[in-house]
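**Q** Once you've looked at the hints, dock chain V against the given chain H.
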Amino acid sequence: MSAKPKAYERFPLARRIEHWILVLSFVTLAGTGLPQKYSNSPVSVFIVRALGGVENLYDIHHFMSVIVMLVVIYHLLTIAYHVFVLRSKWSMMISLQDVKDALQVLLYNLRIAKSPPKMGRYTFDEKFEYWAFVWGYSIMGITGFIMWNPITATRYLPGEFVPAAKAAHGGEAVLAVLAILIWHMYHVGIKRSAKLMVTGMQTEEEMLDEHPLELEAIKAGLADRRPDPVTLRKRQRIFFPIAALMTIVMLTGVYTYITTEETALTTIPPISTTVESPLQTPNLRESISCDVIPTRKQNMILLYQKAY
Amino acid sequence: MRRRTQFHLPRSWKFILFPGLGLFLLLAIAALATPVQATPFYQGDGPSNDFCLACHQQEGIDITLGSESLPVTINPTLFGLSVHSQESIACVDCHTNISDYPHPEVTAQSTRDFSVTLGEACRDCHEEQYNAAPDSVHKRALTEGKENAPLCADCHNPHTQGRLIGTESGQLTIAARLHVPQTCQQCHSENYEKYKNSVHGKALTEEGNLDVPTCTDCHGVHNIQDPTTATFRNTTPALCADCHDNAEIMDKYGISTNVLETYVADFHGTNVKLFGDQSPDEPTNKAVCTDCHGVHDIAKVDTPETGIALRENLLIKCQRCHPDATANFPGAWMSHYVPSPQHYPIVYYVNLFYKIMIPAIIGGMIFFILTDIYRRITSRGKGVQHS
Chain H
5 MSAKPKAYER FPLARRIEHW ILVLSFVTLA GTGLPQKYSN SPVSVFIVRA
55 LGGVENLYDI HHFMSVIVML VVIYHLLTIA YHVFVLRSKW SMMISLQDVK
105 DALQVLLYNL RIAKSPPKMG RYTFDEKFEY WAFVWGYSIM GITGFIMWNP
155 ITATRYLPGE FVPAAKAAHG GEAVLAVLAI LIWHMYHVGI KRSAKLMVTG
205 MQTEEEMLDE HPLELEAIKA GLADRRPDPV TLRKRQRIFF PIAALMTIVM
255 LTGVYTYITT EETALTTIPP ISTTVESPLQ TPNLRESISC DVIPTRKQNM
305 ILLYQKAY
Chain V
28 MRRRTQFHLP RSWKFILFPG LGLFLLLAIA ALATPVQATP FYQGDGPSND
78 FCLACHQQEG IDITLGSESL PVTINPTLFG LSVHSQESIA CVDCHTNISD
128 YPHPEVTAQS TRDFSVTLGE ACRDCHEEQY NAAPDSVHKR ALTEGKENAP
178 LCADCHNPHT QGRLIGTESG QLTIAARLHV PQTCQQCHSE NYEKYKNSVH
228 GKALTEEGNL DVPTCTDCHG VHNIQDPTTA TFRNTTPALC ADCHDNAEIM
278 DKYGISTNVL ETYVADFHGT NVKLFGDQSP DEPTNKAVCT DCHGVHDIAK
328 VDTPETGIAL RENLLIKCQR CHPDATANFP GAWMSHYVPS PQHYPIVYYV
378 NLFYKIMIPA IIGGMIFFIL TDIYRRITSR GKGVQHS
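Those sequence lines, one after another, are chains H and V.
Numbered per our numbering, the first sequence finishes at 312, counting up by one with no gaps.
Numbered per our numbering, the second sequence finishes at 414, counting up by one with no gaps.
Hints should not be assumed to be uniformly reliable.
[Stated by the list, open to error] From the derived model, a few chain V residues whose C-beta atoms are all more than 12 Å from chain H:
1) T134
2) H153
3) T243
4) E275
5) E332
[To be verified] Below, in silico cross-link-like pairs of lysine-lysine (DSS-like), each with a Cα-Cα straight-line distance of 30 Å or less:
6) K131(H) x K382(V)
7) K41(H) x K382(V)
8) K344(V) x K221(V)
[Unchecked claim] Ranges between beta-carbon positions, derived for each pair:
9) Y376(V) x I83(H): 29 to 35 Å
10) A274(V) x Y62(H): 31 to 37 Å
11) S119(H) x S362(V): 56 to 62 Å
12) Y62(H) x A159(V): 38 to 44 Å
13) V87(H) x Q346(V): 43 to 49 Å
14) T289(V) x M250(H): 40 to 46 Å
15) T289(V) x V87(H): 46 to 52 Å
16) A274(V) x T270(H): 36 to 42 Å
Think of the hints as simulated: they come from the structure by calculation, not from any bench.
Because the structure is a prediction, the values reported are computed rather than measured.
All C-beta atoms, glycine included, are put in the ideal place defined by N, C-alpha and C.
Pulled out of the complex, with its shape left as it was, chain H reads as follows:
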């Protein structure tokens, strides 16, 4: 920060790595999930072929969902660290101010309001996206569990919850993909530069433009005041064992999620065993004197009677 006086670090390296892992998993999950929803599309068939079969598609989807679960666990731990150890501001919390900000931006865009609102570390559109993700991933996690473990789920829930989970998982997926393509891509690909998530740095001008309140706080020395080393160490001593325990609990949860049941047999039993009575002799011999033919004649007569 000090090397470039006019640049501010917005996202430290860990956050940036977290973000790009999420990008990778999101794209893969969408790429392997949507073909299942739109199985009739030639694009879906192409993707399945490219991946070498639908079983690979499932495996990749499941693997990436585990990555997401791990990222979520990591994220929860960092939040806990910020809340309990660093005691940072809850900058991602939604307040009435965000609604006001959104409204003012809209009015400003429509040239009704004269100036844009001054916003802090996270603007309303960023918060909206963050909480949309919280909502989305919760839905995906729950519905994904039901589909991954339908037998366990239907021990406690009506069977209909399984197709309902599938419907919600698919609907949520479409919503998420469209939201990312439209909302996120516009805001960070067109309106702002995606470079931020690579370097993590913003210039003072950018800060002034997007996060003026945060800039003010930084300049006033109010932002991110770290606790003094003694307090920090004291809190860490309490936090780390609890966090470790929570991590174990959550990882056990993930393990349960993926191993709780063997849904179906991999090889299904054959439908029936056919006992065949082989021809004893060439039937030429029998039918010369047997009654197969008269039966057929009767059949014909019966049918002709029926037909006329």
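**A** Frame of chain H; chain V shown alone:
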């Protein structure tokens, strides 16, 4: 003398020649029109059928082949009804080694052996059927040395076989359709018993219903494939849908025609579809039609004892692949229903929720973005620009 006979045919000859020519023309037309090209081979230079039947209609005549004896009596009435007789096929067209009496010695050592040797004669007229599929199950069994594998004559007794293809329709005749299961059951008696009591079989054998499938509709004829292969299994949904997607047939019975659509919309069907596209020959553990509905024993879904419209009956089917499934589990399958407020309302309302929410949220986003773009465009040139 000779010259005279050529130009001045005796009167009695004309009676034979002209109707004969007419018949020949008729037969030629019929032969061209029917898919089974059974061209009459009898050229009139061998013994006539009457000549053969003079001896062979006598009851109780046998020949000895090795240790077996083969009756060689031919019932002239039944033979007269056969398509071969009606098409004027001569005995010696198939029994080509015989031209007179006494007959040449038979070298076959068993009656089966005799049939195999004689079976080659079918090819002369029915080459298309004979060559239909060298990889058919029956042909393969035969080449594997299973001597009981059916030959042509085991399904089509040449001395009694009636007409199978209608001369005008070019389709399997009604009588033939109804008779097919009788033919197959000679060997496949267990499957026939199941079929006979199934919804399809009962309609066919008891009511003469022509809408239901007879054996050959699913298994084919002549080129019958092994139905236990993965390939066959993977194509089952398409096979059933052939009729079950056809409103012309299904409307009569009030059966839904979107069974395939709803199947593909469900997990099993989606998988089988995507799977089948990629690797049609690989076995899949996802259910196809027959896993729940049965194969030969397909029953009406509302039959109390076995009908799978009842959860308890369906659960048994589920448990074949999902051994740990419990009472609620069958409810996960939407029974070919398209979700509606009546059937599977939760699924219906979840879909409805997203049907409303997706356009609403995405529409809102687009609107917001458009206002932002508007602001930017109109601000240009006024020096107010974002980075």
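**Q** Decide, hint by hint, whether the structure agrees.
**A** Checked hints:
| no. | hint | verdict |
| --- | --- | --- |
| 1 | T134 | holds (16 Å) |
| 2 | H153 | holds (17 Å) |
| 3 | T243 | holds (16 Å) |
| 4 | E275 | holds (19 Å) |
| 5 | E332 | holds (18 Å) |
| 6 | K131(H) x K382(V) | holds (24 Å) |
| 7 | K41(H) x K382(V) | holds (15 Å) |
| 8 | K344(V) x K221(V) | holds (17 Å) |
| 9 | Y376(V) x I83(H): 29 to 35 Å | holds (33 Å) |
| 10 | A274(V) x Y62(H): 31 to 37 Å | holds (35 Å) |
| 11 | S119(H) x S362(V): 56 to 62 Å | holds (60 Å) |
| 12 | Y62(H) x A159(V): 38 to 44 Å | holds (39 Å) |
| 13 | V87(H) x Q346(V): 43 to 49 Å | holds (48 Å) |
| 14 | T289(V) x M250(H): 40 to 46 Å | holds (44 Å) |
| 15 | T289(V) x V87(H): 46 to 52 Å | holds (48 Å) |
| 16 | A274(V) x T270(H): 36 to 42 Å | holds (38 Å) |
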